[in-house]
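Novice: Listed here are the chains, written in short residue letters.
2 protein chains.
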Amino acid sequence: MGRAKYAGDLKVPGMLHGAILRSPYAHARIVSIDTSAALALPGVRAVLTGDDAPNTLWGGGPVKDRYILAKKVVRFAGEEVVAVAAISEDIARDALDLIRVEYEELPALLTTDEAMDPEAPTVHPGRKDNVAHEIRFHRGDVDAAFAKADLVYEATYTTSSQYPGYLEPMVSVASLEADDRLHVWTSTQTVSLARARIAKALELPISSVRVSQQTTGGGFGGKIVEDDNQLVAGLLALRTRRPVRLLNNRLEDFLSCCTSVPERITLKLGMTREGIIVAKDVRIVADCGAYAGLAGEVMHVSSMRSDNMFRNANVRCDAELVYTNTPPHGAFRGFGGSQMLFALNSHIDSMARELGLDPAAIYERNAIGAGDTTVHGWKIRSTGFKQCVANATAAVDWAAKRAAPRGTGVRRRGLGLAAAMHVCGNRTMGNWDGSTVAIKLNEDGGIVAQCGECDMGQGAMTMLTQIIANEFKVPLSQVRLMPPDTDSAPYALGSFASRVTMSAGNAAIKACRSARAKLLVLAEDLLQADPGSLELADGGGVQVRGTDRRLGLDELARAHIWRHGGEGFQVTETWDPPTEEPDSDLYGNCAPTHSFAAQTVEVEVDTETGQVTVLGSYLSDDLGKALNPTAVHGQANGGCVQAMGWALYEQLKLEDGRIANGNFADYTMATAESVPLLHADFVETNDPIGPYGAKASSETAILMAAPAIANAVYDAVGVRIRDLPITPERVLAALQAKKEQQGAANA
Amino acid sequence: MGRAKYAGDLKVPGMLHGAILRSPYAHARIVSIDTSAALALPGVRAVLTGDDAPNTLWGGGPVKDRYILAKKVVRFAGEEVVAVAAISEDIARDALDLIRVEYEELPALLTTDEAMDPEAPTVHPGRKDNVAHEIRFHRGDVDAAFAKADLVYEATYTTSSQYPGYLEPMVSVASLEADDRLHVWTSTQTVSLARARIAKALELPISSVRVSQQTTGGGFGGKIVEDDNQLVAGLLALRTRRPVRLLNNRLEDFLSCCTSVPERITLKLGMTREGIIVAKDVRIVADCGAYAGLAGEVMHVSSMRSDNMFRNANVRCDAELVYTNTPPHGAFRGFGGSQMLFALNSHIDSMARELGLDPAAIYERNAIGAGDTTVHGWKIRSTGFKQCVANATAAVDWAAKRAAPRGTGVRRRGLGLAAAMHVCGNRTMGNWDGSTVAIKLNEDGGIVAQCGECDMGQGAMTMLTQIIANEFKVPLSQVRLMPPDTDSAPYALGSFASRVTMSAGNAAIKACRSARAKLLVLAEDLLQADPGSLELADGGGVQVRGTDRRLGLDELARAHIWRHGGEGFQVTETWDPPTEEPDSDLYGNCAPTHSFAAQTVEVEVDTETGQVTVLGSYLSDDLGKALNPTAVHGQANGGCVQAMGWALYEQLKLEDGRIANGNFADYTMATAESVPLLHADFVETNDPIGPYGAKASSETAILMAAPAIANAVYDAVGVRIRDLPITPERVLAALQAKKEQQGAANA
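These protein sequences, in sequence, are chains P and C.
Using this note's numbering, read the first sequence as starting at 1 and increasing by one per residue.
Using this note's numbering, read the second sequence as starting at 1 and increasing by one per residue.
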């Protein structure tokens with residue numbers, strides 16, 4: 001309806017507009033900055049350099065390695081160097097052209113190979129070998145298990161970096177309020193973590209910062225805490241004492257957002273001839289770009305999450321996160337799961353072919369079961385994994401179609417299968433993963449609820465509204481959820497790790513049931529009824545069972561105020577999942593429960609052009625229970641399409657470390673014409689602790705399309721693409737290589 | 001510092017500006033309205049008449065007798081007839097000039113005498129005798145008591161209407177938000193009652209309205225729920241679907257605010273020769289103007305509150321609230337107490353003189369005591385009444401100065417005394433008079449508190465901040481009180497009846513102590529300490545008594561989140577006073593406790609000009625305990641000056657029912673040059689249920705200056721002025737009459 005207010009829509013009296021001058025070099029020393037001409041431009045109110053920014057280092061994750069504005073050195077092309085505030089966006093951008101920065105270009109490390117060269121300079125002083133983070137673990141006895149395996153297979157996969165592609169680029173309005181607090185209205189997945197980060201980076205007490213989420217036009221992991229936008233907006237507001245709006249244009253958003261982490265994964269699996277996985281050894285080299293952000297946490301997920309799908313007890317991992325002089329990478333929907341699952345699902349397909357097995361059988365035979373504890377100590381409460389595989393294969397007539405001859409035409413079809421799991425929350429930010437919901441009843445029976453978790457389009461607010469309406473037996477329109485604001489909302493971690501349905505959903509149920517119990521006690525007294533005789537009435541309120549003696553929510557709300565010891569009706573409850581923080585060896589049941597899924601795709605490969613067309617997709621999603629079928633179908637489809645983009649089209653192109661395709665014309669996301677009709681079902685496993693049995697949806701759906709497509713390409717034309725994206729060039733080259741290989745064999 | 005944001009300062013994108021065309025006639029039929037020329041003016045977005053307004057009647061009090069825009073009939077000069085919204089305030093006002101309204105003037109009832117004439121037409125159809133409200137009670141046996149009294153004295157007093165004179169005229173910004181709710185930012189003393197009223201008048205559910213208080217530049221009772229400003233702003237926003245700002249200019253504010261209720265009080269008291277009051281009979285005719293508003297509640301207070309100062313058990317009251325075709329009157333600081341206390345204190349002075357007693361002795365001999373239950377069932381928990389009288393008289397050397405000869409010069413001096421009581425809350429809006437305070441701890445130990453009571457300059461927010469800071473042993477700067485907003489704040493009645501210090505203050509203490517108890521339990525665990533060994537630390541936090549083992553509030557706040565079953569630290573508590581709703585005979589202990597006060601003034605009367613100059617004032621205020629001495633001194637001084645204005649200068653002048661002096665040049669409020677150095681003390685009775693012993697301040701201070709001045713004028717020149725204001729003309733006329741009387745007597 002066009003009514004939603006995004007942060008960029010805000011107009012605050014006296015508001016200035018910000019703009020940022022960015023480094024054109026991947027690595028350079030800042031020799032000098034001359035801001036005088038920019039400052040002299042009428043309408044310009046501030047021109048700030050690194051000298052005007054705090055000396056505190058900030059970081060989206062635990063590693064603090066970045067300044068709000070570069071000091072002395074720039075480490076990637078796009079890094080924030082000078083910030084301007086002016087009375088209009090045009091003037092601010094004009095001022096950028098008047099700033100003279102003298103750089104001394106330094107050698108840039110543009111690949112992890114260059115960065116890991118023992119002779120290479122360091123991206124950050126003191127960061128030996130340019131390693132930002134390491135993850136190493138070994139459980140069971142991997143070498144012994146490989147020795148006993150019937151088939152050991154090793155291959156290396158590479159994944160490219162994906163831009164989140166939300167329609168709303170990052171934007172903030174920051175204002176120093178009358179009480180000297182910095183108020184930031186912004187596009188975010190988390191108000192509390194954003195507040196803590198802004199406060200720390202700007203050297204303010206947490207209580208001196210207020211963050212209000214505005215309608216957020218997509219996040220996909222990119223709006224957690226890795227942007228510099230909120231910090232520059234805040235800095236400009238502090239220095240000018242005027243409200244400042246800072247809106248990335250699309251190119252700026254490409255340059256400054258955290259795209260997904262590219263990984264090189266060398267995977268070695270051992271299997272019995274029956275397809276039982278007995279050992280896994282993996283080496284990961286992940287590229288965080290110039291600043292670590294959340295990339296270490298992403299690599300953590302790549303390292304271990306998918307191990308928990310299977311019963312295999314022998315796993316070893318050596319993962320290194322490496323700094324390069326490229327734009328930073330970080331959190332992205334799927335959070336590292338996609339990278340490893342591309343390798344793992346491709347690998348299973350390859351090994352199944354080697355062993356003459358149906359890959360579906362391998363998933364079936366290795367699947368972790370409900371009640372099992374995994375190799376990493378995860379407790380599986382419910383799983384529809386086998387059912388998802390069965391559904392996804394049955395839906396495409398898997399066995400029959402796979403058995404049919406592929407033909408010899410120019411265009412050949414193939415089927416691919418992949419499977420995945422995801423968490424529903426993650427107790428890894430500290431020893432809490434809970435959520436709090438507060439409920440008030442207005443005098444007309446209207447329900448006002450507060451929850452600090454953010455909706456960035458995934459439907460969290462609708463889901464909570466549904467739960468509350470359901471618990472009170474009222475229409476959705478009677479429930480209003482207030483937007484997250486650090487002043488008014490209870491403390492909340494925010495929307496990531498697919499945690500909101502689980503934690504906030506359960507908190508909402510708990511708060512509603514507390515409220516209902518309170519209403520029943522109140523009604524007992526007012527209706528002079530026996531406790532056991534009362535029940536919640538349809539449409540809200542309480543009635544004596546089987547009679548028309550009834551009090552509406554409005555009457556109860558008023559009666560709760562207007563009495564001795566009365567007060568406005570309010571209830572607050574928190575639900576914290578029964579999970580544990582992983583120990584120093586990363587062992588521990590960090591998620592309350594897990595979502596599983598499987599996906600089959602059918603592709604057609606044009607053997608003359610190398611073009612891969614996805615003809616069909618079927619995704620079977622164990623989300624516990626579909627609370628909002630329309631919304632979760634949308635999430636499944638959206639995740640699937642985003643994964644198809646990553647698999648086939650999307651790729652940040654760097655030239656000398658500079659993003660060369662930072663716009664929607666050149667950075668080709670999947671469009672309607674490249675997407676077939678998508679099919680999906682829900683496997684409702686009715687999780688024992690999920691709200692009404694629900695688990696997470698959405699993130700699971702992005703994890704499988706890439707390997708399913710790669711597997712289908714192999715199925716169609718017999719070539720294995722292990723490097724994303726699966727471009728026509730790569731397919732053609734592989735077909736050519738295969739032809740030469742066959743020719744050589746025949747010769 | 002100029003940083004506070006008033007509602008008039010708000011600039012909302014797309015905001016229109018409203019303006020109102022008002023009736024020039026005191027009473028007329030609206031024959032026709034031609035809005036076509038106004039609508040054609042470029043920039044005009046809406047021109048609304050009564051036909052565009054809801055048919056629901058609204059009223060500030062229980063009587064609903066008013067439309068948002070007049071329908072068919074206007075009942076006072078100034079009534080809202082047409083509302084315009086335009087892109088600028090200038091255009092909106094220009095448009096008013098283009099509207100053609102044809103009126104048929106009707107006979108106007110401009111005085112209560114005219115309105116009470118049995119032959120008079122009715123101001124409202126069906127309102128027999130133009131009586132809007134009646135209060136009648138009789139306790140004890142008044143006639144029998146009069147029969148036994150040594151002195152029975154009767155006289156009639158009239159009081160004039162006072163404009164509240166806040167510096168910020170009434171203003172609202174209303175906006176239909178994305179969720180179709182009407183958001184009203186306004187200058188108000190109560191967000192919850194404003195919301196309920198706006199919703200009802202605009203025929204919306206309560207939950208579809210949100211009210212946010214902006215910084216409020218004075219209220220003095222005039223910003224409770226009697227304005228039409230919020231309603232017209234809301235109507236314009238609903239009809240235009242654009243934000244609308246509606247700011248009264250000063251004349252409009254004079255025309256449309258509720259000025260204080262003028263009363264004619266015929267008071268008859270019986271006393272023994274020792275000055276013991278044995279019977280009181282009072283008749284009140286109060287003028288509510290064209291619409292009843294809260295004037296009935298004001299008259300209720302006039303009728304009975306001051307009875308509770310004394311032990312007299314025989315009281316009778318016949319009070320009538322009468323409609324006239326004059327601008328409405330209603331709530332005003334002191335809320336009806338001022339009117340009756342003018343009569344009562346004047347009367348006591350007269351009778352004391354008749355009996356040859358010191359009036360101070362009369363207060364002393366009749367004073368209600370702590371532990372007493374009054375004639376109306378009020379339970380007196382604490383009283384410094386006698387001490388206040390003793391202090392106020394001692395401070396001016398009362399006995400000696402009164403005994404000294406008055407001299408015969410042109411300018412003669414005199415002393416006057418008056419005393420008063422006031423409530424600290426009032427359980428008369430329904431069976432609740434409580435308040436709720438919610439407290440959150442941020443991760444840095446900052447405290448965020450929410451309370452829905454409004455600060456309109458009286459210092460409520462500072463008082464609550466002080467209490468919370470004191471309870472947590474932290475500096476004031478560590479506590480932030482959020483401004484009242486119906487979405488985020490707990491339900492609260494608002495700021496009137498001097499209820500906030502008592503109810504919200506106690507709720508704040510209760511919430512803090514709950515929070516402290518919770519912190520101690522948490523710290524026991526974290527510090528592994530015995531329960532008895534812990535105490536609150538200075539600067540916040542918890543320590544093991546006598547050691548340096550200590551956890552700061554920041555550490556405790558974080559530890560409260562980061563643990564199994566953790567959550568953000570939050571506590572909500574309500575305090576509802578142990579009072580009762582008055583019964584149908586208006587009997588019952590409606591207030592938790594009571595403030596008492598006495599005041600002496602010294603005046604100089606110029607016998608040639610009639611000019612009365614106040615030379616000194618001493619106010620002794622039993623406020624229980626001064627929580628913020630600077631603020632309550634300010635309140636005492638402000639109340640005293642406002643009362644001096646009412647006593648000597650202020651008077652709405654009506655010509656044909658039209659306010660003729662609706663500006664600060666012609667409506668003469670007391671200015672610095674007319675006010676002497678004001679002295680005041682606090683009698684700290686340490687009330688048993690007040691927060692830290694505190695009771696209400698502020699309203700008590702406005703109740704005494706008028707009678708104290710009238711009594712001082714009598715003391716100075718021997719004339720009794722029973723009609724306010726005590727203008728030079730009235731004094732001169734009285735002196736003249738006295739001279740003639742003396743002449744006649746001498747002749």
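No lab work stands behind these hints, which were simulated from the structure alone.
One or more hints might be untrue.
Treat identical chains as interchangeable: a pair holds within one or across any two.
The list that follows gives simulated cross-link-like pairs (lysine-lysine, DSSO-like), each with its CA atoms no further than 30 Å apart [as the list claims (entries may be wrong)]:
1. Lys518 x Lys268
2. Lys200 x Lys518
3. Lys64 x Lys128
4. Lys268 x Lys128
5. Lys71 x Lys379
6. Lys473 x Lys200
7. Lys5 x Lys200
8. Lys739 x Lys72
9. Lys71 x Lys200
10. Lys625 x Lys71
11. Lys268 x Lys379
12. Lys653 x Lys11
13. Lys64 x Lys625
14. Lys738 x Lys268
15. Lys72 x Lys268
16. Lys71 x Lys518
Novice: Does each hint hold? Answer for all of them.
Specialist: To see whether the hints hold, each was checked on the structure:
{"no.": "1", "hint": "Lys518 x Lys268", "verdict": "neither (58 Å within a copy, 53 Å between copies)"}
{"no.": "2", "hint": "Lys200 x Lys518", "verdict": "between (41 Å within a copy, 28 Å between copies)"}
{"no.": "3", "hint": "Lys64 x Lys128", "verdict": "within (16 Å within a copy, 79 Å between copies)"}
{"no.": "4", "hint": "Lys268 x Lys128", "verdict": "within (28 Å within a copy, 97 Å between copies)"}
{"no.": "5", "hint": "Lys71 x Lys379", "verdict": "neither (47 Å within a copy, 71 Å between copies)"}
{"no.": "6", "hint": "Lys473 x Lys200", "verdict": "between (44 Å within a copy, 25 Å between copies)"}
{"no.": "7", "hint": "Lys5 x Lys200", "verdict": "both (28 Å within a copy, 28 Å between copies)"}
{"no.": "8", "hint": "Lys739 x Lys72", "verdict": "neither (53 Å within a copy, 94 Å between copies)"}
{"no.": "9", "hint": "Lys71 x Lys200", "verdict": "within (18 Å within a copy, 59 Å between copies)"}
{"no.": "10", "hint": "Lys625 x Lys71", "verdict": "neither (51 Å within a copy, 56 Å between copies)"}
{"no.": "11", "hint": "Lys268 x Lys379", "verdict": "within (25 Å within a copy, 86 Å between copies)"}
{"no.": "12", "hint": "Lys653 x Lys11", "verdict": "neither (36 Å within a copy, 44 Å between copies)"}
{"no.": "13", "hint": "Lys64 x Lys625", "verdict": "neither (40 Å within a copy, 51 Å between copies)"}
{"no.": "14", "hint": "Lys738 x Lys268", "verdict": "within (23 Å within a copy, 117 Å between copies)"}
{"no.": "15", "hint": "Lys72 x Lys268", "verdict": "neither (43 Å within a copy, 89 Å between copies)"}
{"no.": "16", "hint": "Lys71 x Lys518", "verdict": "neither (58 Å within a copy, 45 Å between copies)"}
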